[in-house]
Amino acid sequence: MKSTNFIDNLPKVYGIYTGGFIGFIILMAIAEQMGMTAKAIGIAFVAFTVFIYALIGWLSRTAQADAYYVAGRQVPTVFNGMATAADWMSGASFVAMAGGIYFKGYGYMALLVGWTGGYVLVASLLAPYLRKFGCYTVPDFIGTRYGGNLARFSAVVVLTVASFTYVTAQINATGTIASVALDIPFQYAVYIGLISILLCSMLGGMRGVTWTQVAQYIVLIIAYLLPVFWISNKIGAGFFPHFMLADEVARIGELESQFGFVKNSAADLATVPKGLAGITKAHSAVNATPWAFISLALAMMMGTASLPHVMMRYFTTPSVKAARKSVGWSLFFIFLLYSSAPMLATLSKLSLLDPNLSTGIIGKSITDVQAIDWYQNWNAANLMFVSDFNGNGTVELNEFFMGGKAVVLATPEIAGLPYVISGLVAAGGMAAAMSTADGLILAIANAISHDVYYKIIDPKAETAKRLVVARVLLVVIGFAGATIAAMEIQGILGSVIWAFDFAMSGLFFPLVLGVWWKRANRQGAIAGMLGGLAAGTWYLVWVRTGGSGFLGITQLTFGIFGSAVSLVAMVVVSLMTQEPDKATQKMVDEVRVPSGKTILGKQ
Amino acid sequence: MSNQEKHWEKSRGLLMITLAIWFVFSIGIFLFGAEMNEVTGPFGYPWTYWFTCQGSLGAFVILIFWFANRQEKIDEEFGFSEREDE
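First to last, the sequence lines map onto chains A and B.
Basically the working numbering = 1-based index in the first sequence + 18.
Basically the working numbering = 1-based index in the second sequence + 7.
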């Protein structure tokens, strides 16, 4: 995987790969007809795809710093877009997002807007300029632009807090899927997930991660779209669901008003297994205040532009121009999945609600529902529950409960699709969680090995030694993440949202102003990073320990407070201290034009 | 004003337009979410619902490509684009 020849052949290589994967799905479908068990299919899907990723990881092994840290800066625009999309769409996007939309509706859909709109900020404010800078890591930019080890180190601290919060959630998700697909206890599955993740990144660093992420994107997008289109056609909702589900959306609204949202008593709710939710919110109606929606979207957008594992993907493009275009492609590939999530939620909900469909369970007798195969399976997995609260013998809307994850994982089975689709979905979820975890662990390990070890502790270290340190850190951070994930402290989605808030609290303004405000200096940046992170963390702890909060900022949007403090601290401290020297100002001027050499040469 | 200052001024102008459009699709329309959802929009979905599912998301994709092309033109105009062999 070294020559430019490989780059030219990429479309062919991944074309063959995609064909091979589709061939594998067909093979499994035939095997299912011939009597292969569901469990064996699940294992085959996960094992086969993980083996391919590991193979790519091994083929991408490298001993060069440029290849290890930035994939040799030769990743073509469209492929970098796919890799970023996989890097971006985590286990939460894949497994939990449709479920969130399913249960919470409009208020939750702020995440769809936030997790896409952020890319406009990435493209216009940051990515091309950081690419011109020629850095290996995000703290590398901070450290050089502002100068001094303290600034560099502060950036590493923010990066580590945000990315580590995020990565535990992803390892948790790989563990969940591995434990379901391979039928082993979660505590062990977490480590199997971790080893799969490390296989992709350890030998090839960023190069290995890039080419596995492209492969993972292809798996996850097929796994997400195929069931959506299949179900839509099966229930006769339309052959292209995205443009044709208006009637279904309206029908759900009709059924909701027909059934009514009955509030359950606390005593009844206490009998529902933990983590399951009922349908209590309207599907398509506006059920959140403008500020609740906008503040969540805004926090996610600013967080997107501050998360280092995304930003560093744009360090791998061949040019500044390519970096800009690449952001557009990234968002296009993300759009394919995100615009399908509400459609999946709609189809899934209608399948269960509509008494005219054979799959509908609301209004059916409770003993009939409890006798259904898939109900028993998912009930045993603690992801589904019905109870006859009012004792009338039938299942009412308020008597049905489901885990958020089940919307993606169980819908194919509920809609009566063959099991091969469920196996495919498991492989897709695994791909989504693995690709994100890889990007995050690499971001942390690279920041510590490059910025702390090489730039601060031992600037004379040889390349071979630096790469050994980078790999050791990768393993250590991975195991630390897995150990915390195994304790299951916070749910997947909650941790992900917190990561965005941490990142925006500490990094958004120091990064943006580093390019757009020449007067920003070292003292200001340090105050902005540490002040923002401290303020955000304080707010989170305060709200979590019973604080009332203010301005409608919740524990999910604490980054709004953190980044506001960061902005004020940065501007005030910058203006109170000396302006940056001539050399720094000249550097900023050079960052602002695409032509000419990168600021940092080959390191 | 030097060539570079002119280039930066124009780039900043483009940024402002881009951010203004971004603001409309990410924040502006959701100020009126409840009112707009009463009206039927594209493909028969309620307007606000459609924006959160597809509209805003698609607008961002188009906006980024538009921005990238405009910025390239600005870079070319002032002679700051990268050499092809880079």
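Since the hints were made in silico from the structure, they are not lab data.
A virtual CB, placed ideally from N, CA and C, is assigned to each residue, including glycine.
Do not rely on the hints blindly, as some may be mistaken.
Each computed BS3-like pair below joins lysine-lysine, with the alpha-carbon atoms no more than 25 Å apart [claimed, not checked]: (1) A:Lys604 to B:Lys13; (2) B:Lys17 to A:Lys299; (3) B:Lys17 to A:Lys339; (4) B:Lys13 to A:Lys600; (5) B:Lys13 to A:Lys292; (6) A:Lys615 to A:Lys600; (7) A:Lys615 to B:Lys17; (8) B:Lys13 to A:Lys299; (9) A:Lys339 to B:Lys80; (10) A:Lys122 to A:Lys281; (11) A:Lys30 to A:Lys122; (12) A:Lys478 to A:Lys281; (13) A:Lys604 to B:Lys17; (14) B:Lys80 to A:Lys122.
Among the chain B residues that face chain A by a calculated CB cut under 8 Å, a handful are [claimed, not checked]: (15) Leu22; (16) Trp54; (17) Phe87; (18) Ser88.
Some chain B residues judged to face chain A by a derived CB distance under 10 Å, without partners named [claimed, not checked]: (19) Met8; (20) Gln11; (21) Leu64; (22) Asn76; (23) Gly86.
May I ask which of the numbered hints given earlier this structure violates, with the numbers listed in increasing order?
Of the numbered hints, 2, 5, 8, 11, 12, 14, 16 and 19 do not hold.
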